[in-house]
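*Asks:* Line by line, the protein sequences are chains E and P.
Per this note's numbering, the first sequence starts with residue 1, numbered consecutively.
Per this note's numbering, the second sequence starts with residue 1, numbered consecutively.
If you are wondering where the hints come from, they were derived from the structure by calculation, not from laboratory data.
Fair warning: there could be bad hints in the mix.
[Claimed, not checked] Within a straight-line C-alpha distance of at most 20 Å, the following computed EDC-like cross-link-like pairs (lysine to aspartate or glutamate) qualify: (1) K172/P with E432/E; (2) K172/P with E428/E; (3) K55/P with D97/P; (4) K55/P with E69/P; (5) K353/E with D280/E; (6) K106/E with E123/E.
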Amino acid sequence: MPLMPVVLWTDALLYLLLALLGGFAWHAARHEHLRAPWRRVARSRIGVVTLVVLGCYLLVAVLDSVHLRLRLADQSGATSAETRYSPEVLSLLDLALAGLRSQSEKTYSAPFATHLYVKEAIELPDGRVLRDYPRLVHGGAHLDDPAARGLDILWRGLLGALLGLALWGAILFALSAALARRRGITPALMRARIKAGRTEVPWRAALLTLASILALGGAVALLAGHYHVLGTDKVGEDVLYQALKSVRTGLLIGTLTTLVMLPAALLLGIMAGYFRGWVDDLIQYLYTTLNAIPGVLLIAAAVLMLQVYMSNHAEDFASLVERADLRLLFLCLILGVTSWTGLCRLLRGETLKLRESDYVQAASALGVGHFTIIGRHILPNVMHIVLITLVLDFSGLVLAEAVLSYVNIGVDPTMNSWGNMINGARLELAREPVVWWSLSAAFVFMFTLVLAANLFADVVRDAFDPRLRGAA
Amino acid sequence: MSAYILRRLLYAIPILIGVNLLTFVLFFVVNSPDDMARMHLGEKRVTAEAVAAWKADHGYDRPMLYNAEAEGLGRLTETIFFDKSVRLFVFDFGSSDDGRDIGRDIAQRMWPSLAIALPVLLVGLAFNISYALFIVFFRATYVDLASVVLLVTMMSISGLFYIIGGQFLLGKLFQLVPISGYDSGLAGLKFLVLPVIVGVIGGIGAGTRWYRTLFLEEIGRDYVRTARAKGLGERLVLFRHVLRNALIPILTGVVVVLPLLFMGSLITESFFAIPGLGSYTIDAISNQDFAIVRSMVFLGAVLYILGLILTDISYTLADPRVRLQ
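For reference, chain E alone in the conformation it holds in the complex:
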C-alpha cells in the first residue's frame, strides 16, 4: 500500500459527530415536525449564506482530519515483506497544500513580497559583500524583474478567479438541472427563477456567496504557487498555510466540546428533572460546585496537571502529533466540564415541565418503565435544546481557544491554531516596519468563522423558538 491511514482520537470523534449529524438529518427529513424548523432556516437568506461559508470551513477541517503516513520512497534497507512508512503524519490538506508547506523562507516576508523583511549580507559575484534585502527563495522567484510583479499578480489573480468562476458555473448548471428535474421544469427556466430570486430556498444568495468564495479561492490558489499570499512568519513558514491548518483546531474545539459534554449533561439533566428528590439535590450540588470555580482557573489547573503528567510520561506518546492531538482532546474535555452546567440546567427545567405532561403521565399510569419513558418521550422532546446549545456555544468556544492559547493553557504550542498565531505575533506590531500579516490573517479567518456562526445561531434560534414562531 502506498500509504497507511492514521486515525487520531479527534479525527474519530469528528467522524462520529458527522455521522450523528447525518443520522439526525436523515431522521429529521422523514418527520414533518422536525423538518419544519429546518425549512425555516433554509428559507432565510442569512441562513443559507452562512451555511455556505460554514460549509467551506467544514470542508477544510474534514480534509485536514483524514490523516495518513506515506510510504517511504527509499525501501533499500527494508526486506520486501515489510513496507516502511514515513514517521510524519500528514493530512489530505497537507498533501493538497504540499507546495505551501515546503516553500519556507528564512524569516519574515510581507504578503506578495519578492524580498526578505530583514537585510542580510549578500556576496556579489565579484567578491564584494553588500548588505541588502535578499531575494526570497520561493516568493516571486520566477520573476526576472521584481519590479514587474504587479502585472504578474494581476494576471495570475484574474486567471485564478476565472477558473474559480468556471467551477462555479459547472456547479450552477448541475444544481439547476437537479432542481429542475425535481420540479419537472426545464433547467433554463429554473436558472431564470434563481436569477430572479423567485425560489423558496434563496438559491441566488447562496450561489452568489459561493461565486465570491470560489473566485477568491481560485485567485489565491493560483497565486500561492508563486508568492506567499499572506507573507511568512518569523521562521519563514507560509502564513496562509498556518491559517488554513488552524481551521481544523477552531472547528474541533467549537464542536467536540459540546459533543463530549453531551452524555453527562443529558444524563444528569434529565435524571435531575425526572426523578427529583435527592437525585435532583445531588446533581444540583454537583453543578453549583463546578460552576463556583472560575472557568479559566479550572482549565488552567487541569492543563497544568496535564503538562506535569505529559512531561513525566513522555514515553506514552508515539509522536508529537499524537501528543498535540491528545492535548486538544483533553482541552475539549475540560472546556466541556466547565460548560456542561448551563445545558444541564436547561435540560432539568425542560424535563421538569415534560414529566407533568399528559402523555408522560399516561405512559407512567400504563406501567411503562422509567427508562423507557425517558428514552421514548423525554429525550426526543429535549433534543432541540441540545441542538440550539451546540450552535450557540460554537462561536464562544472558538473565541475561547484564542484566549486560552494566549495564556499558554490552550492547545499544544506545536499545533496550528489562531490562538497560537496571535500569541506568536504579539510583539510583531512593535517592530519597525510593522509586521501585520500574521495577526491580520488570524483575525480575518477567525472573524469570518465566528461571524458566520453567530449569524447562523441567530437564525437557528429564531426558527426553533416557539415564542417567536407565533409572531412571525
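Guided by the hints, dock chain P onto chain E, whose structure is given.
*Replies:* Same frame as chain E, now just chain P:
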C-alpha cells in the same frame, strides 16, 4: 431575611468543601507531589534527595489524608490535605512555591484589579444601556438594523484584537497614552485610560445586544400598551416604565459579577502589565506555581457564592414581588 441569609451561608459550606476536594484531587492525587517536584527541579537535577528536599521545603512531605505516625488529632491535621486545603477556609493561603506570603500578595494586588474592573463595569453599563435604549427608541428602522449588524460584528471579534488594536492605535500610532504599565494614585490615571476604553468597547457587542432583547421583551407587555393608551409619550414610556422594569434582570446580571471584580481580568492585566490578581494568576500559571493557582481557585469560588447570595438579596430589594423564604 437574616435567617435566609444565614441558611444560604451555611449552604455555601458544602459547596466550598466540594471545590476544595476537587482541587485537592486535581493537584495531589492525579499527580503526586513527587511529580511536581520533578517538574520544578527540571530533568537534569532529579535525584531522590533533591526531590525529598524540595518536598520538605514546600511542606509536601506529609501523608495525603491520614497520618498514622502522629498522635491524637495530629493524625488528621498533620497531612497535606489539612495543611494545604482546610486552611483555606480561614483564608490562610500559606506561602507560594517561591516562598512569598500569598495572603499578603492578594490583599495588595486586588486594588489594581478593581481600579480597572470597576470603571469598565460602570462605564460599560452606562454606555450599553443608553445605546440599547437608543436602538429600542428607533426599533424596526434602519437605525435598528444597522445597530444590530454592528453589534453582531463587534461580538464576533476576539477580545485579543480589541486589546492589540487599542494598544497599536492609541498607544503606538497616536501616542496618546502609554501602551502599558501601572502607577498608584492619580499618577496612574493615564495608565488606566486605555485598558478601560478597550474593556468597554470589547463588551459593547454582547452587552448592548442583551439589553436590547430585554427592552424589546418588556415593550411588548400589557402595561406598556396601557401606558401608551393613556397617552404617555414614547420617551416617558421608555424611561419611566420600560427601563425601570428591565433594570431587574440587568441588576441581577451585574450584582452576580460584583465580587468577582476583585479577581480582575487575566488577559487585560497581562497585556497592560497591571499588577493585579489577574496577572498574578497568569504568572502563577506560567511559573507553574500550584499553591497560588489553588488559592485563586478557592478565592474565586468564595466570591462566586458571595455573588449568588448578593443577587438574591438585591432581587428582594428591587422587586417587591419576590419573597425569600
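*Asks:* Hint check: K55/P vs E69/P, CA-CA at most 20 Å. Holds or violated?
*Replies:* Holds - the C-alpha atoms of E69/P and K55/P are around 18 Å apart, at most 20 Å.
*Asks:* Would you check the hint for K106/E and E123/E, treating anything up to 20 Å between C-alpha atoms as holding?
*Replies:* Judged against 20 Å, a Cα distance of about 17 Å means the pair holds.
*Asks:* Is the hinted pair K353/E and D280/E satisfied, with a Cα-Cα distance of at most 20 Å?
*Replies:* Holds. K353/E to D280/E sits at ~14 Å (cutoff 20 Å).
*Asks:* Verify the proposed pairing of K172/P with E432/E, using a straight-line Cα cut of 20 Å.
*Replies:* holds (11 Å)
*Asks:* Would you check the hint for K172/P and E428/E, treating anything up to 20 Å between C-alpha atoms as holding?
*Replies:* Given that 20 Å is the threshold and the Cα spacing comes to 13 Å, the pair holds.
*Asks:* Are the Cα atoms of K55/P and D97/P separated by 20 Å or less?
*Replies:* Between K55/P and D97/P the Cα gap is close to 10 Å, so the pair holds against 20 Å.
In summary, the structure agrees with every hint in the numbered list given earlier.
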